[in-house]
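Asks: From just these sequences and the hints, can you work out the full model?
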Amino acid sequence: MSYYDLLPRPLSELLAEHPYIEDFLSSFGLEVEPGQESLQDYLVNLNPDLLEDLGIGAEQLQQSLHDFINGMLALDDPLDQVNSLTLIGGFNKSGTAENLELTLKPGEVICIVGPTGSGKSRLLADIEWVAQGDTPTGRKILINGEVPDSKWRFSTEHKLVAQLSQNMNFVMDLSAEEFVRMHAESRLVTEPEKKVEMILKQANELAGETFLPDTPITSLSGGQSRALMIADMACLSKSPIVLIDEIENAGIDRKKALDLLMREEKIVLMATHDPILALMGDKRLVIKNGGIARIIEASAAERKNLIALEELDNKLLALRNRIRSGETLESI
Amino acid sequence: MRFLTVSGPPSSGKTSVILRVIEALQTRQRKIGVVKFDCLLTEDDQLYAKKGVLVKKGLSGALCPDHYFVSNIEACVTWGHENDCAYLISESAGLCNRCSPHINEITAVCVIDNLSGINTPRKIGPMLKSADIVVITKGDIVSQAEREVFASRVKQVNPGAVIMHVNGITGQGAFELTSLFEEASDIETLKGKTLRFSMPSALCSYCLGETRIGEEHQTGNIRKMDI
Ligand SMILES: Nc1ncnc2c1ncn2[C@@H]1O[C@H](COP(=O)(O)OP(=O)(O)OP(=O)(O)O)[C@@H](O)[C@H]1O
Ligand SMILES: Nc1nc2c(ncn2[C@@H]2O[C@H](COP(=O)(O)OP(=O)(O)O)[C@@H](O)[C@H]2O)c(=O)[nH]1
Ligand SMILES: [Mg+2]
Ligand SMILES: [Mg+2]
Ligand SMILES: [Zn+2]
Ligand SMILES: [Zn+2]
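So the protein lines, in turn, are chains A and B.
Number 208 in the working numbering belongs to position 208 of the first sequence; there are no gaps in the numbering.
Number 140 in the working numbering belongs to position 140 of the second sequence; there are no gaps in the numbering.
Among the clues, some could well be false.
DSS-like, lysine-lysine: derived pairs with alpha carbons at most 27 Å apart [said to hold, decoys possible]: (1) A:Lys255 / A:Lys304; (2) A:Lys93 / B:Lys31; (3) A:Lys255 / A:Lys194; (4) A:Lys93 / B:Lys50.
Hints are computed from structural coordinates only; laboratory data are not their basis.
Replies: Here is the structure:
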């Protein structure tokens, strides 16, 4: 199905089936009635003076609607399968070659560790851009063993990569519910209301303090924002590759968060300073001076220590909760 | 010479983005010229000059800066060509939201920032709606999800454009944007080219300097509100 199939159909049907068409037209300042008129006739009959006032030409409006509808229809297409991601080394900040080729498969969790400023976010950015030697690091990324179609870079419908960034601020004047709904609608998910409800519920399970659907997003706490973003990503994103830039810095349940994000078979790369998260990964890439200096495979001994670390963490968490509720820590 | 028009609301990050692109182009040894259009005052030309690129500045004063742009850009392109620039970039602030400097067959870039509000993409006219590349800045200040929601609002009014996120301060995304600049078409002159969208005609008595308020002073192309 494409734009041209929709053109001859009456607006009454179209607006009911594809409500985003009305939204599109209203974003140009145009009104539309759900009557018997076809979309084609509606477009042809638009008053040229009105269009001139609105700052758009008839031809351009039709081209934009064409691109928009085809983009929306493409959201229904099955995603291209990603079976592997290959990282071909480039150069560190001193120009020394990284000399490596690393292939990652769905289900793997790779941690990226290194001092601040060493290039962790740059590595994530190289993957997001599907770099082909055209970033400062000179790295190359292959998908399924091949140089991918450059559509991966610019597609907003079929994003290869979903990212959870370091920053969790909001500036939009919307409630949590409105915001998530707008995000869901832009992804054209089926049953957006159910998704919105699910995201808000999961976010509240992750965050320490609960918040209401009508809480303005700008007044969420750091932990609440982070929880909302993680739930949002887990429920709305279909991208086969997930990049996470430091989720540890706020009051959320990290383990639950990671479980939520790793539920499906995805390739997960996560920059982190947190020992528990680092040990949960299958591999650790150690970044120094802009380059991957070492790859560590999680050993059996490390895995065992993860259990001890989690116990330690729970103990700390219990102490933190006691402090929060005003208790003293004279005996621990 | 590759020529690109860069426009966008005031303070959206046009200069910052162009500076980051210049840095990336300079590592590829390209000679660059910039033409900066503004109304009353600009210090951007000094920022460009500091980067060692050729700069021309045009202040439109009492005229609409985009009208001023069209009457001068052809000469600027000739200037860039004569000076052997590999790139000429024009920066102009969209001030009336209705005029736009974008020219058919010339790569058109619109810079808009994440902080401007979700309804802003709808309010900006052809400058955004007819651009080939839309650069969204200040993503460092908001969360990933908010960036996506904002980008989807941009996409709604310009679904055919390539939408890119660039940080005007750190330059993240500028390398990626530069690769698109490298695809801009080569030209020698603007002769025979046309604007992507006509600029509104300014034809009333106030355009001609009238200051007195009142029915009897209004002549020419006058339109009244329904009250
Ligand atoms: N191989 C490289 N060559 C050139 N520049 C690089 C390279 N790797 C990273 N950089 C640059 O170094 C700077 C710091 O890198 P980045 O922001 O990725 O650090 P980080 O590890 O994420 O730091 P933080 O822990 O503070 O978030 C960036 O400007 C990045 O583009
Ligand atoms: N935080 C942040 N600030 C930015 C970014 N891009 C530009 N700025 C700032 O926004 C202000 C206006 O930028 P400028 O490039 O002069 O905008 P112009 O008027 O469109 O040319 C300056 O203070 C810039 O430093 C960005 O990506 N992030
Ligand atoms: Mg970082
Ligand atoms: Mg400027
Ligand atoms: Zn104007
Ligand atoms: Zn006038």
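Asks: So, for every hint listed, does it hold in this structure?
Replies: Outcome of the hint check:
no.: 1; hint: A:Lys255 / A:Lys304; in the structure: 17 Å, holds
no.: 2; hint: A:Lys93 / B:Lys31; in the structure: 25 Å, holds
no.: 3; hint: A:Lys255 / A:Lys194; in the structure: 25 Å, holds
no.: 4; hint: A:Lys93 / B:Lys50; in the structure: 25 Å, holds
In this structure, none of the earlier numbered hints is contradicted; all agree with it.
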